[in-house]
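In full-length UniProt numbering, the protein residues as written are 1 to 239.
In short, the hints are calculated from the structure, not lab data.
If you're wondering where the values come from, they're calculated on a predicted model, not measured in any experiment.
It is possible that some hints are incorrect.
Label-pair restraints from in silico Cβ distances [as the list claims (entries may be wrong)]:
| # | residue 1 | residue 2 | range |
| --- | --- | --- | --- |
| 1 | E117 | E144 | 17 to 25 angstroms |
| 2 | A93 | V239 | 35 to 43 angstroms |
| 3 | D103 | D179 | 45 to 53 angstroms |
| 4 | E169 | E89 | 30 to 38 angstroms |
| 5 | D128 | E198 | 17 to 25 angstroms |
Beta carbons: idealized from backbone N, C-alpha and C, even for Gly.
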Amino acid sequence: MSDGAWVSLFSGGKDSAWALYRALEAGHPVERLVTVHPAGDSYMYHVPATELAELAAESIGIELLAVEPDDFAAETTVDAGEQGDAELEPLEAALERLDERLDGGIAGVTAGAVESEYQTSRIQAMCDRLGAELFAPLWQRDPEELAEAMLDAGFEIRIIQVAAYGLDESWLGRRLNADALAELRGLNDEYGVHVLGEGGEFETLVTDGPHMDRRIELEYDTEWDGTRGTIRIEDAWLV
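The task is simple: from the sequences and hints, build the whole structure.
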């Protein structure tokens, strides 16, 4: 294992939380969680409810570094490749600064990508430039096996946004448990919904797990426009 610290790209969602959990299990010394708060829709990052990552970090007991919307370029481009590269710049700049401050620098970075070559290739290239190892334990794994492993480990996962045919308002705020997973398998067969929501079909928040000292409790309303929806967090606290 390399000397130096590890950082975990962390949104509070299930995939980044699982990557962090597996890194801790593997003995990687994760000293920072890094949360990107995109200003709007994003090609590279999980968007909804990233402000709750701070609560999750408090429960996990690892300091969080936030990359804020002001760090992003004001202009966007219609070219997806250029947009992804532009979105990566403030994250890489933040990690470069962190690399200078941490004792021994950044030895490794965890990421929760499952199937997105678009995201993973850019994160790998960033790690190469930083001289850091990339730990991506979900990469190319079977989605159903990953979902079952998360549930078996004791992850409490809430669905906070849906945007796919077959997912209605009743899914907002729902726990991703064995029953929900069985329904998602059916929706995958019928409509092609990814069982982990990898294509943006749904987004999640991990409210409890073996890596957390206290669970996140939520008070929220739902917003539904007939085809897609999200939960609007009114209050959140640790219990």
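query: When you take the CB atoms of E169 and E89, is the distance between them in 30 to 38 angstroms?
result: 37 angstroms, holds
Between D128 and E198, does the beta-carbon spacing fit 17 to 25 angstroms?
24 angstroms, holds
Handout entry: Consistency of beta-carbon spacing, E144 to E117, with hint 17 to 25 angstroms
Key = 20 angstroms, holds
Do the Cβ positions of D103 and D179 conform to the proposed distance bound of 45 to 53 angstroms?
-> Because 46 angstroms falls inside the window, the suggested range holds.
*Cβ-Cβ distance between A93 and V239: within 35 to 43 angstroms?*
36 angstroms, holds
This entry satisfies every hint, going by the numbered hints stated previously.
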